[in-house]
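Protein chains in written order, with numbering that gives the first Met the number 0: chain U, 0 to 354; chain W, 0 to 354; chain P, 0 to 354; chain Y, 0 to 354.
I should point out that these hints are in silico values taken from the structure, not numbers from a laboratory.
Predicted, not measured: the structure shown is a model, and the values here were computed from it.
Among these hints, one or two may not hold up.
[Stated by the list, open to error] Stretch-level coverage of chain W by chain U, calculated; a stretch enters the list once three of its residues show a Cβ under 8 Å from a Cβ in chain U:
hint : segment
1    : 49–61
2    : 110–122
3    : 224–231
4    : 252–260
5    : 293–299
[Unchecked claim] Straight-line alpha carbon distances no greater than 16 Å define the calculated EDC-like cross-link-like pairs of lysine to aspartate or glutamate that follow:
hint : chain 1 : residue 1 : chain 2 : residue 2
6    : P       : LYS142    : P       : ASP39
7    : P       : LYS142    : P       : ASP34
8    : Y       : LYS196    : P       : GLU255
9    : P       : LYS142    : P       : GLU37
10   : P       : LYS46     : P       : GLU60
11   : P       : LYS46     : P       : ASP172
12   : P       : LYS319    : Y       : ASP172
13   : U       : LYS319    : U       : ASP45
14   : W       : LYS142    : W       : GLU255
15   : U       : LYS46     : U       : GLU185
16   : Y       : LYS46     : Y       : GLU60
17   : W       : LYS196    : U       : GLU255
18   : P       : LYS142    : P       : ASP197
19   : U       : LYS319    : W       : GLU255
20   : Y       : LYS46     : Y       : ASP172
21   : Y       : LYS319    : Y       : GLU96
22   : W       : LYS319    : U       : GLU255
23   : U       : LYS196    : W       : GLU255
24   : W       : LYS142    : W       : GLU96
25   : P       : LYS196    : Y       : GLU255
26   : W       : LYS46     : W       : ASP197
27   : Y       : LYS319    : P       : GLU255
28   : P       : LYS319    : P       : ASP197
29   : W       : LYS319    : W       : ASP197
We treat Cβ as the ideally placed atom computed from N, Cα and C, and that holds for glycine.
Number of protein chains: 4
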Amino acid sequence: MSFNTFGRVLRFTTFGESHGPAIGAVVDGCPPGLDLSEADIQPFLDKRRPGTSRFTTQRQEPDAVRILSGVFEGRTTGTPIGLLIDNVDQRSKDYSEVASAYRPGHADYAYDAKYGFRDYRGGGRSSARETAMRVAAGAVARKVIPEVRVRAWVEQIGQHPILYSRFDDAQIDNNAFFSPDPVAAEQWEKVIDAARKDGSSLGAVVVCEAEGVPPGWGAPLYAKLDSELASGMMSINAVKGVEIGDGFAAALASGEGNADPMRPGVDGPEFLANHAGGIAGGISTGQPVRVRVAFKPTSSILTPVETITRDGEATEIRTKGRHDPCVGIRGVPVVEAMMALVLADQKLLHRAQCG
Amino acid sequence: MSFNTFGRVLRFTTFGESHGPAIGAVVDGCPPGLDLSEADIQPFLDKRRPGTSRFTTQRQEPDAVRILSGVFEGRTTGTPIGLLIDNVDQRSKDYSEVASAYRPGHADYAYDAKYGFRDYRGGGRSSARETAMRVAAGAVARKVIPEVRVRAWVEQIGQHPILYSRFDDAQIDNNAFFSPDPVAAEQWEKVIDAARKDGSSLGAVVVCEAEGVPPGWGAPLYAKLDSELASGMMSINAVKGVEIGDGFAAALASGEGNADPMRPGVDGPEFLANHAGGIAGGISTGQPVRVRVAFKPTSSILTPVETITRDGEATEIRTKGRHDPCVGIRGVPVVEAMMALVLADQKLLHRAQCG
Amino acid sequence: MSFNTFGRVLRFTTFGESHGPAIGAVVDGCPPGLDLSEADIQPFLDKRRPGTSRFTTQRQEPDAVRILSGVFEGRTTGTPIGLLIDNVDQRSKDYSEVASAYRPGHADYAYDAKYGFRDYRGGGRSSARETAMRVAAGAVARKVIPEVRVRAWVEQIGQHPILYSRFDDAQIDNNAFFSPDPVAAEQWEKVIDAARKDGSSLGAVVVCEAEGVPPGWGAPLYAKLDSELASGMMSINAVKGVEIGDGFAAALASGEGNADPMRPGVDGPEFLANHAGGIAGGISTGQPVRVRVAFKPTSSILTPVETITRDGEATEIRTKGRHDPCVGIRGVPVVEAMMALVLADQKLLHRAQCG
Amino acid sequence: MSFNTFGRVLRFTTFGESHGPAIGAVVDGCPPGLDLSEADIQPFLDKRRPGTSRFTTQRQEPDAVRILSGVFEGRTTGTPIGLLIDNVDQRSKDYSEVASAYRPGHADYAYDAKYGFRDYRGGGRSSARETAMRVAAGAVARKVIPEVRVRAWVEQIGQHPILYSRFDDAQIDNNAFFSPDPVAAEQWEKVIDAARKDGSSLGAVVVCEAEGVPPGWGAPLYAKLDSELASGMMSINAVKGVEIGDGFAAALASGEGNADPMRPGVDGPEFLANHAGGIAGGISTGQPVRVRVAFKPTSSILTPVETITRDGEATEIRTKGRHDPCVGIRGVPVVEAMMALVLADQKLLHRAQCG
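Based on the provided sequences and hints, a complete structural model is requested.
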């Protein structure tokens with residue numbers, strides 16, 4: 000409920016800039032007694048880590064997380080969990096161009112308009128580097144919801160979607176693109192290589208699904224589960240669209256075509272479809288919670304773009320240096336983290352009100 | 000930041016059920032000294048009011064709002080503004096079927112799973128009737144942002160979009176569908192009549208644009224302007240998708256194709272495109288803020304759908320009685336209200352931090 | 000966490016002015032399934048109601064509360080509970096004096112300084128009339144904590160304290176002063192009569208105790224149980240001091256004298272003293288939670304007091320019309336309500352985090 | 000509004016335990032463009048720092064603060080300010096006794112009751128070590144309110160008060176006790192030496208005054224300036240009572256005796272008294288804001304006290320090792336910090352609503 004804090008009962012607060020000494024997060028409200036160590040968090044950070052393939056930025060950050068508080072003898076104590084990652088590879092480049100001119104599509108102009116000036120080194124606070132702390136916080140959140148399995152994948156890069164007929168869960172971590180479709184992964188390799196060589200960039204769609212969410216999580220009306228997910232996903236850098244279940248496709252459907260009929264099942268109802276994405280009236284139904292997230296292509300491209308300087312003069316800018324040709328790819332662990340954080344928060348909220 | 004409260008500095012809280020005695024809202028944090036009377040609010044409620052054409056539910060509600068507090072001698076005092084609308088046309092129908100069986104796609108099952116029981120009369124709290132209070136609160140919010148012009152329209156009903164080549168702002172309020180395209184409006188009339196006769200329903204896409212938003216509103220990272228808008232829009236009944244600017248289309252674009260180049264303008268920069276929807280890094284850029292919202296077709300249809308009873312037995316249900324064949328239409332003033340509420344809140348937040 | 004909202008998980012929001020059409024509250028986050036009707040709330044309002052004896056203001060308000068939402072078939076549904084009380088006896092007196100001059104000790108000047116103008120009729124929003132809604136909300140909160148017995152009493156009026164050697168719980172509701180000491184009650188009758196005749200006013204100290212609070216409620220560090228109680232109590236009109244346990248007397252004690260030794264008891268520890276007032280480290284210990292609250296004498300007195308007009312001219316003012324000679328008396332049910340509201344909120348918060 | 004976060008618009012979140020690797024804070028919502036460096040924060044930390052005289056704990060902590068984010072080229076950027084202090088002197092003592100038995104008056108039992116176990120090293124999260132981060136955050140808050148002068152002093156130690164006839168502002172920083180009365184300071188030296196030698200402890204009263212607060216800060220009803228101060232002060236370790244203005248003494252006064260008459264002054268009204276402590280109706284009046292805070296004697300004493308073990312067995316405990324004989328002394332900079340933090344937050348809130 001605040002500028003740099005997310006969540007209501009399980010809350011996390013992040014701080015830090017792209018080229019400052021460190022980035023950090025405080026996870027507050029975590030239940031006590033959960034096993035937690037750096038080793039529980041690091042694997043998720045490693046999934047998001049830059050510099051691991053030629054398809055991501057070449058910045059080299061080990062992203063080694065340290066737990067500074069809230070854990071004692073290997074278990075959470077219920078007090079705030081301080082997490083810190085030192086920035087290591089802040090390349091001492093010349094920032095004079097980006098300091099004096101606004102990169103279109105970046106936050107440069109908006110930050111200056113709001114704050115009067117900005118930390119322009121690597122995008123400062125607006126850098127996607129902040130998402131590392133979401134991933135770290137998300138790893139803590141996963142501990143709060145052991146009954147839930149959260150997984151995300153890339154569904155589309157640019158104009159190249161996967162085929163769901165080739166969907167193979169086991170493939171997701173077997174390629175550099177979090178693709179569940181190995182054929183699409185091969186195609187994407189070429190597409191991204193081409194974009195990278197051209198100094199261009201590509202958008203992507205990420206899908207995230209949470210299985211095992213029991214019915215009853217979510218807090219109507221303004222903390223609806225879907226509303227919280229929309230807020231959380233839309234706060235991720237470069238995200239421009241969020242869908243729950245069928246999303247915009249639902250707007251094309253008829254009431255009959257969009258129905259999720261129910262039958263008696265072994266354990267509560269069995270649903271015959273999941274157009275709703277596991278949420279009705281803002282509350283989970285027990286079906287998988289499903290979200291689609293659109294990432295725009297990063298605005299860091301080599302093609303010169305018309306822009307203005309801080310002094311309002313016309314100029315052109317092109318982004319040299321290290322960047323992701325498709326930021327959506329590394330968005331996968333971030334989307335997963337936000338899903339876990341929202342669900343964990345709602346689990347605790349539900350427990351608060353309904354026991 | 001709470002279940003039935005939205006906003007951070009300018010907050011509103013709603014209460015009330017579809018068939019209870021009244022629905023209400025409390026708008027807190029409103030600046031003092033603004034002219035405000037019921038006459039400022041009623042026109043927006045009238046736009047949303049049911050029973051005004053055959054294309055909406057036939058429930059007859061005058062939706063006459065009363066201001067109970069926070070206004071003195073025609074001006075806001077800075078204290079909470081209590082708003083109340085009496086429910087008038089709660090038809091005393093037989094609710095036994097919906098009480099004992101779950102309507103798929105509605106919140107029936109989810110509410111029962113969460114709360115153990117539910118007010119089943121007309122959907123209780125999960126009814127879109129609550130959105131009247133958002134519209135009332137939104138009318139107050141508009142007073143806070145006189146510099147901004149908020150308007151929304153229906154872009155698509157079912158599979159029938161408007162043509163932007165025929166876009167005429169003046170048409171929006173001239174037809175029962177908030178269509179800026181008079182040709183589409185005629186087509187929709189037939190489409191909805193058909194759906195209504197079949198007891199079916201249709202989805203819709205609503206677009207909302209806010210002009211006059213100065214650069215600098217928005218609060219990174221977790222109160223980003225786009226994040227707040229996503230949260231607010233997704234909390235509206237039947238909404239399943241939210242896009243900012245190009246939204247999912249941005250995922251298909253290249254970095255070049257998605258750029259919003261800037262030139263020196265008369266009053267700050269002139270932008271050559273608005274793929275971003277007026278927001279960069281979570282902060283307004285001065286361009287029109289543009290949101291697209293997907294409404295699903297209502298699940299209240301005459302076709303019987305498989306479902307279960309509260310006792311877990313198999314049954315079928317079909318929704319008799321009054322309902323909207325296309326809830327997205329009446330969503331237009333609600334979407335506008337949420338836009339105004341988010342912007343007003345962010346205006347005040349910006350003033351708090353940046354003076 | 001907002002201007003007119005109190006609480007974190009169980010929250011209430013109030014609205015309304017002394018001489019507006021109505022005052023109201025929204026209680027949000029209440030657990031579902033609790034028995035609740037107007038009859039559960041009215042007795043607490045009747046305790047606080049004005050005009051019941053010559054020792055309180057002569058304004059006649061039935062304070063009949065209506066539940067507008069959140070209750071179905073006699074039970075809370077988990078949705079927001081709307082509560083409304085119509086104002087009945089807003090005497091149409093001449094407000095020109097108080098409109099144009101500031102009553103020292105009242106909020107008149109401060110409201111004008113903040114908001115630029117004010118609803119001066121009966122104090123507007125700053126009137127203690129608002130506390131009726133706290134009492135109503137508190138009655139709901141009591142339902143959330145059936146394990147807790149909350150009771151308050153007047154310990155002192157002006158310079159006349161009760162004797163604890165005469166403390167008799169059963170006496171509290173047997174006199175007009177909530178005095179557990181019948182001898183003090185008789186004395187107070189004379190003291191207040193004298194003050195009333197002189198057009199003067201008296202301060203009071205109210206003590207509130209909650210028995211049955213289990214160990215473990217409270218949320219360090221900034222939602223400590225004592226911190227929340229201090230905030231809640233200090234927000235009551237005319238309150239100028241709050242103590243937990245021994246309060247300021249603890250500052251005079253030595254560590255030995257302030258110790259609360261523990262012994263093995265039947266049901267957890269048995270404490271040999273309760274200097275701490277039932278709270279350690281911000282968390283309940285299982286002992287009675289004890290708070291002392293200081294009410295100043297109301298500033299509404301007949302003696303002329305030097306002041307200034309809205310235009311900054313020197314003048315004198317004396318308060319004619321109806322007022323309480325000792326507002327602390329009617330503070331008793333308000334203090335109880337705030338205790339219940341804080342405890343109920345903390346019970347739910349504890350359940351959220353610790354299950 | 001959360002467990003370890005304080006404030007509404009200017010918020011700070013703290014983390015860290017007494018014997019963990021570090022303690023930290025995140026200050027969020029700070030206005031941009033303020034000059035800020037470690038040198039602005041360190042002097043306040045030095046005032047609170049342990050080990051500087053024989054009258055405080057002998058733990059040696061340099062309390063060197065590092066700014067990790069939110070500052071660029073010497074000025075705040077408007078993004079969250081991360082602050083970190085490494086713990087240096089966590090003495091590797093034997094904690095077996097405090098791990099297995101509860102120290103009465105400490106949070107030991109309450110933490111165990113709430114969380115199931117606890118970090119017992121030096122009190123873990125419940126240690127007053129956390130207050131270092133409040134002091135650091137408070138130094139940032141002071142930058143937000145340059146128009147305000149905040150100062151606190153010790154008014155009483157045990158049963159030994161200062162004489163206000165000897166009050167000398169310049170003396171406060173000239174002795175180890177923050178005493179404005181040099182005679183009292185000499186007396187206290189003996190009193191505390193005696194307590195220290197006896198292994199006993201003493202309570203204290205701290206007074207804090209803020210001059211220069213303009214009229215209009217404060218947000219009725221549940222964010223009243225006095226309510227916020229009460230909450231903030233009562234959240235400090237060992238605090239058991241808070242008074243605004245005359246506090247409990249006001250309860251003894253008559254309406255006439257408690258009046259703060261007003262006269263036309265040069266710059267708004269001139270007040271003839273300040274019984275109210277600078278706050279009316281929850282809003283500042285322009286007079287000095289004055290708070291009194293009661294600190295209990297620490298429960299860390301050498302005299303054995305009856306208690307129980309974690310297993311519920313009877314035992315005795317006495318606190319060996321380093322501790323403050325009078326924690327109230329080092330409370331002075333903490334009280335000042337909370338005053339500054341509340342005022343800065345309310346300044347921004349006021350700006351949000353009232354422009």
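Hint check:
no.: 1; hint: 49–61; result: violated (count 0)
no.: 2; hint: 110–122; result: holds (count 5)
no.: 3; hint: 224–231; result: holds (count 7)
no.: 4; hint: 252–260; result: holds (count 9)
no.: 5; hint: 293–299; result: holds (count 7)
no.: 6; hint: LYS142(P) / ASP39(P); result: holds, 9 Å
no.: 7; hint: LYS142(P) / ASP34(P); result: holds, 8 Å
no.: 8; hint: LYS196(Y) / GLU255(P); result: holds, 14 Å
no.: 9; hint: LYS142(P) / GLU37(P); result: holds, 13 Å
no.: 10; hint: LYS46(P) / GLU60(P); result: holds, 12 Å
no.: 11; hint: LYS46(P) / ASP172(P); result: holds, 9 Å
no.: 12; hint: LYS319(P) / ASP172(Y); result: violated, 49 Å
no.: 13; hint: LYS319(U) / ASP45(U); result: violated, 25 Å
no.: 14; hint: LYS142(W) / GLU255(W); result: violated, 39 Å
no.: 15; hint: LYS46(U) / GLU185(U); result: violated, 19 Å
no.: 16; hint: LYS46(Y) / GLU60(Y); result: holds, 12 Å
no.: 17; hint: LYS196(W) / GLU255(U); result: holds, 14 Å
no.: 18; hint: LYS142(P) / ASP197(P); result: violated, 42 Å
no.: 19; hint: LYS319(U) / GLU255(W); result: holds, 15 Å
no.: 20; hint: LYS46(Y) / ASP172(Y); result: holds, 9 Å
no.: 21; hint: LYS319(Y) / GLU96(Y); result: holds, 10 Å
no.: 22; hint: LYS319(W) / GLU255(U); result: holds, 15 Å
no.: 23; hint: LYS196(U) / GLU255(W); result: holds, 14 Å
no.: 24; hint: LYS142(W) / GLU96(W); result: violated, 44 Å
no.: 25; hint: LYS196(P) / GLU255(Y); result: holds, 14 Å
no.: 26; hint: LYS46(W) / ASP197(W); result: violated, 26 Å
no.: 27; hint: LYS319(Y) / GLU255(P); result: holds, 15 Å
no.: 28; hint: LYS319(P) / ASP197(P); result: holds, 12 Å
no.: 29; hint: LYS319(W) / ASP197(W); result: holds, 12 Å
In this structure, the hints that do not hold are numbers 1, 12, 13, 14, 15, 18, 24, 26, in rising order.
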